[in-house]
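Single-letter residue listing:
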Amino acid sequence: MPAKTNPGRFFEDYAIGQVINHAVPRTVSGGERALYHALYPARHALASSDEFARACGLRASPLDELIGFHIVFGKTVPDISLNAVANLGYAEGRFRLPVWPGDTLRAQSEVIGLKQNSSGTSGVVYVRTTGLNQRDDVVLDYVRWVMVRKARTDAPAPETVIPDLAPVVAPENLMIPEGLDFTNYDFDLAGEPHRFADYAIGEVIDHIDSLTLTEAEHMMATRLWQNTSRVHYDASLRTDGKRLIYGGHIISMARALSFNGLANAQMIAGLNAGAHANPCFAGDTIRAWSQVLDKADTPAPGIGALRLRLVAMKHGGTVGDLKDADGKYHPDVLLDLDYWALVPL
Amino acid sequence: MPAKTNPGRFFEDYAIGQVINHAVPRTVSGGERALYHALYPARHALASSDEFARACGLRASPLDELIGFHIVFGKTVPDISLNAVANLGYAEGRFRLPVWPGDTLRAQSEVIGLKQNSSGTSGVVYVRTTGLNQRDDVVLDYVRWVMVRKARTDAPAPETVIPDLAPVVAPENLMIPEGLDFTNYDFDLAGEPHRFADYAIGEVIDHIDSLTLTEAEHMMATRLWQNTSRVHYDASLRTDGKRLIYGGHIISMARALSFNGLANAQMIAGLNAGAHANPCFAGDTIRAWSQVLDKADTPAPGIGALRLRLVAMKHGGTVGDLKDADGKYHPDVLLDLDYWALVPL
Amino acid sequence: MPAKTNPGRFFEDYAIGQVINHAVPRTVSGGERALYHALYPARHALASSDEFARACGLRASPLDELIGFHIVFGKTVPDISLNAVANLGYAEGRFRLPVWPGDTLRAQSEVIGLKQNSSGTSGVVYVRTTGLNQRDDVVLDYVRWVMVRKARTDAPAPETVIPDLAPVVAPENLMIPEGLDFTNYDFDLAGEPHRFADYAIGEVIDHIDSLTLTEAEHMMATRLWQNTSRVHYDASLRTDGKRLIYGGHIISMARALSFNGLANAQMIAGLNAGAHANPCFAGDTIRAWSQVLDKADTPAPGIGALRLRLVAMKHGGTVGDLKDADGKYHPDVLLDLDYWALVPL
Numbered sequence: 001m002p003a004k005t006n007p008g009r010f011f012e013d014y015a016i017g018q019v020i021n022h023a024v025p026r027t028v029s030g031g032e033r034a035l036y037h038a039l040y041p042a043r044h045a046l047a048s049s050d051e052f053a054r055a056c057g058l059r060a061s062p063l064d065e066l067i068g069f070h071i072v073f074g075k076t077v078p079d080i081s082l083n084a085v086a087n088l089g090y091a092e093g094r095f096r097l098p099v100w101p102g103d104t105l106r107a108q109s110e111v112i113g114l115k116q117n118s119s120g121t122s123g124v125v126y127v128r129t130t131g132l133n134q135r136d137d138v139v140l141d142y143v144r145w146v147m148v149r150k151a152r153t154d155a156p157a158p159e160t161v162i163p164d165l166a167p168v169v170a171p172e173n174l175m176i177p178e179g180l181d182f183t184n185y186d187f188d189l190a191g192e193p194h195r196f197a198d199y200a201i202g203e204v205i206d207h208i209d210s211l212t213l214t215e216a217e218h219m220m221a222t223r224l225w226q227n228t229s230r231v232h233y234d235a236s237l238r239t240d241g242k243r244l245i246y247g248g249h250i251i252s253m254a255r256a257l258s259f260n261g262l263a264n265a266q267m268i269a270g271l272n273a274g275a276h277a278n279p280c281f282a283g284d285t286i287r288a289w290s291q292v293l294d295k296a297d298t299p300a301p302g303i304g305a306l307r308l309r310l311v312a313m314k315h316g317g318t319v320g321d322l323k324d325a326d327g328k329y330h331p332d333v334l335l336d337l338d339y340w341a342l343v344p345l
Numbered sequence: 001m002p003a004k005t006n007p008g009r010f011f012e013d014y015a016i017g018q019v020i021n022h023a024v025p026r027t028v029s030g031g032e033r034a035l036y037h038a039l040y041p042a043r044h045a046l047a048s049s050d051e052f053a054r055a056c057g058l059r060a061s062p063l064d065e066l067i068g069f070h071i072v073f074g075k076t077v078p079d080i081s082l083n084a085v086a087n088l089g090y091a092e093g094r095f096r097l098p099v100w101p102g103d104t105l106r107a108q109s110e111v112i113g114l115k116q117n118s119s120g121t122s123g124v125v126y127v128r129t130t131g132l133n134q135r136d137d138v139v140l141d142y143v144r145w146v147m148v149r150k151a152r153t154d155a156p157a158p159e160t161v162i163p164d165l166a167p168v169v170a171p172e173n174l175m176i177p178e179g180l181d182f183t184n185y186d187f188d189l190a191g192e193p194h195r196f197a198d199y200a201i202g203e204v205i206d207h208i209d210s211l212t213l214t215e216a217e218h219m220m221a222t223r224l225w226q227n228t229s230r231v232h233y234d235a236s237l238r239t240d241g242k243r244l245i246y247g248g249h250i251i252s253m254a255r256a257l258s259f260n261g262l263a264n265a266q267m268i269a270g271l272n273a274g275a276h277a278n279p280c281f282a283g284d285t286i287r288a289w290s291q292v293l294d295k296a297d298t299p300a301p302g303i304g305a306l307r308l309r310l311v312a313m314k315h316g317g318t319v320g321d322l323k324d325a326d327g328k329y330h331p332d333v334l335l336d337l338d339y340w341a342l343v344p345l
Numbered sequence: 001m002p003a004k005t006n007p008g009r010f011f012e013d014y015a016i017g018q019v020i021n022h023a024v025p026r027t028v029s030g031g032e033r034a035l036y037h038a039l040y041p042a043r044h045a046l047a048s049s050d051e052f053a054r055a056c057g058l059r060a061s062p063l064d065e066l067i068g069f070h071i072v073f074g075k076t077v078p079d080i081s082l083n084a085v086a087n088l089g090y091a092e093g094r095f096r097l098p099v100w101p102g103d104t105l106r107a108q109s110e111v112i113g114l115k116q117n118s119s120g121t122s123g124v125v126y127v128r129t130t131g132l133n134q135r136d137d138v139v140l141d142y143v144r145w146v147m148v149r150k151a152r153t154d155a156p157a158p159e160t161v162i163p164d165l166a167p168v169v170a171p172e173n174l175m176i177p178e179g180l181d182f183t184n185y186d187f188d189l190a191g192e193p194h195r196f197a198d199y200a201i202g203e204v205i206d207h208i209d210s211l212t213l214t215e216a217e218h219m220m221a222t223r224l225w226q227n228t229s230r231v232h233y234d235a236s237l238r239t240d241g242k243r244l245i246y247g248g249h250i251i252s253m254a255r256a257l258s259f260n261g262l263a264n265a266q267m268i269a270g271l272n273a274g275a276h277a278n279p280c281f282a283g284d285t286i287r288a289w290s291q292v293l294d295k296a297d298t299p300a301p302g303i304g305a306l307r308l309r310l311v312a313m314k315h316g317g318t319v320g321d322l323k324d325a326d327g328k329y330h331p332d333v334l335l336d337l338d339y340w341a342l343v344p345l
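Chains as they are written, first to last, in this note's numbering: chain A, 1 to 345; chain B, 1 to 345; chain C, 1 to 345.
Worth double-checking, as some hints may not be accurate.
Derived contacts from chain A toward chain C, CB cut-off under 8 angstroms, selection only [as the list claims (entries may be wrong)]: (1) A34; (2) L39; (3) R43; (4) S48; (5) D50; (6) E51; (7) A190; (8) G191; (9) D206; (10) D209; (11) T214; (12) T285.
Hint data in this document are derived by calculation from the structure and do not stem from the laboratory. Predicted model, so just to flag it, every value in this text is computed and none were measured. Idealized CB from N, CA, C, for every residue including glycine.
Input sequences plus hints: build the corresponding full structure.
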């Protein structure tokens, strides 16, 4: 009898245009919100308070955008990255609709690019992943590319297709939740006085706060998103006995730490690019800094968009210092994320 | 003034026919579900998605059957096993009704067997424990027997009564949730293509995935079920400074790991037997394997029942290898659980 | 461009009568309740079961009073204690209204006392903090005083104002939730038979149970309450690599441990005083004991009030032994809390 377990897909198992419906839809509730607040020092008011959200024109507090992102990402792991050697990048991410308690999320990916490596033993797979709710509305989508091993090295190389990806989501393509209105935004309740006009392109913000990671926390987080990649859970897989922390855990940690200086960057609207620059382990103490990369108007009342670079680093890193002279990330840089956030004017 | 704390019951405190109403009813919500998904790599679709559950004829996603089991079990601890030397076995477990968010659970046990040990210092207590919801409907029941110390060794031995327990819950006695229908079961969303007919009696399934346990996680889990046994929490009680992990934590961990190969074993319907073969501690890396022990039809549309042995073991264990030549569990075997699961035809 | 991060307030930044609206309102749900039960061995029936609460005249199970307290406290940290040297005391705490799942809490503090220290480098700030729900009803209030550093040591000393604080909340000022009625209280479901008349003033209760603290748990708890004080999270801030555990974590742990002997001390109604006697770290094993300080009638049906001293201590401590001959807390005493609880007659 053949094995019933999922071996994951290998490079030769992907074809351009292939659509994969990922397994295990997931209904979210206030439970996921509470856990998110226990796992990360999240304080952005819109994802914390129904009252604050209503004063901003929404019907209730949406779940943090990254909850939706992690759940959708987690569903793709068994089909996309179980045999991945490296998670190479993100592009064209858009948060299209809020995720509310009670919603059920599922995920779908389309293969949009393939390129076998010169070694012939692996290749790069580009997928556009879509997260849908119970009404089949798209709540978010993004492109991700990963390097995946071949199981049969003699499998023929596919025709190389490299998708034409926007380096940045154009601000006019950002989707703003229906009704969102920052005209009567309460800066006291939000925690900081800084508005759109107070941020200058190029400005670097040191988020000051820091915390030391533990095994239990990152495993709980990663399981919560039903991410099945074994390297995050099994200390016996590496010779050093360490568990690799899911990159998304660092995204959420850095985003939550960025409250201190970016308390009014309330919602993530777009994900332009992202690199998990170095691996991260329990015991590491992390900090974050941001740089304002761009600013844009939006058609929504009282709302501007800041394009932000969010960097997570281990202690030893220097705020504002990302790469060495050769363009290589410093070894203490963990994450370099480029996103659009919605802020009050 | 006499001590106000609960010393627990001793062997001589039990009598055949005695009914104990256990304390502290508990209302569950989406919070318990979210925590379950954070603590265990649970992915069975029926307990994850309201939409999937509705497509299977239920009104919403029920809580994982083991949430109900752990809560009911936890309530019995102060009355049944606070002075237990060993948890000896389970039998005749039936999951009778789904537990929904919003339900309030309480527990009751009847003493159905007693046998003093030849040493005269302890004895075996058999109880049938019943979990009830806020409508006094039975949601689950099972027999458990434990070895309990005597406080007064001169207390007379009770008449020996050993209950006549079914070695296996007869498939015709399994209770299938009203409305459950796997006729239009979505195997893609569930995560695996294997249906009832694809499983053969005797077949062994290696669930492949593994994870390393931590102190924080097992303590959070055990507290969540209001299990008060101090050995799980206090590192100073053993000379080696270890906290004994609640056996139910291993049951849930193994069941969740079994998704990989048994993704369609959606619901636990019966608990035939169970042994916590060896103690387990933080730092242990665990894996699971299953063996198909039997197969049975059910009257419900599109639904069959698989009788499964679920084994959890530490690294070092061998899939399919349970006991030595003398019939003793290998030291790396942690759990040997015999249960019925409902699967699509 | 000036730093956008919050440096916290210094002693010279406070003035008598100043009112601070603290940031980041928070909506709570069953998720916070589930996490509370996972983080603490909480078993008091009223905060566990909707059915039990309804039988006591409430519309549902309220969240544990300490959830409200921690959330309100956490909101004050960025404004009150970010630059605090020490948390000196509590007084005049009253739990005025239950907090229900779905409520949104915010916090406000008024400066009611100031006293510069003789060194001129710091001073004591007294605030009365009020927690409000979405209807602007006060759910709880309390006085706290902290020692805060000066940033500019040449800033002039303010006029000394020391508020006149009641040593104990007078029992007639306790607020009992509307409808609460213990006339038909179910002692079996609550877990212990002891009623108001069974407790004697002066009586000491050893709560017996104990547990060993972990880093992951206290950090999750502290984040859950959006308490931002970095000393709780960053192992690199102290030369010994330890993270200071939030004092409120010990309050909740001790209160939960006190179930064993005080299962019927269902609700906290008043907070008379409190001292975090010594710092606490992961790895410490803690126990709790209580002393009955006073008893009082209440106008509510079937309900009395016990004034209790709740003491948490590390292993090594002795039940009933709080201070040395000089009136100094023993080094193994962690918490000395003086509160009023509502118990059935």
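Comparing the hints with the structure gives:
Because the closest C-beta pair between A34 (chain A) and chain C is about 3 angstroms apart, less than 8 angstroms, the hint holds. Because the beta carbon of L39 (chain A) sits about 7 angstroms from the nearest beta carbon in chain C, less than 8 angstroms, this interface hint is met. A cut of 8 angstroms between beta carbons decides the hint on R43 (chain A): the least distance to chain C is about 5 angstroms, and the hint holds. Because the beta carbon of S48 (chain A) sits about 5 angstroms from the nearest beta carbon in chain C, less than 8 angstroms, this interface hint is met.
Among the interface hints, the one on D50 (chain A) holds; its C-beta lies about 4 angstroms from the nearest C-beta in chain C, closer than the 8 angstroms criterion. Using the Cβ-Cβ criterion of 8 angstroms, the hint placing E51 (chain A) at the interface with chain C is satisfied: the shortest such distance is roughly 5 angstroms. Taking 8 angstroms as the C-beta cut-off, the interface hint given for A190 (chain A) holds, the closest approach to chain C being about 6 angstroms. Taking 8 angstroms as the C-beta cut-off, the interface hint given for G191 (chain A) holds, the closest approach to chain C being about 3 angstroms.
The closest approach between the C-beta of D206 (chain A) and any C-beta of chain C is roughly 7 angstroms, which is under the 8 angstroms cut-off, so the hint is satisfied. The restraint placing D209 (chain A) at the interface with chain C holds, with a minimum CB-CB distance near 6 angstroms, inside the 8 angstroms limit. The criterion of a C-beta within 8 angstroms of any C-beta in chain C is met by T214 (chain A), whose closest approach is roughly 4 angstroms, and the hint holds. For T285 (chain A), the interface hint holds, since its Cβ comes within 8 angstroms of a Cβ in chain C; the closest pair sits about 5 angstroms apart.
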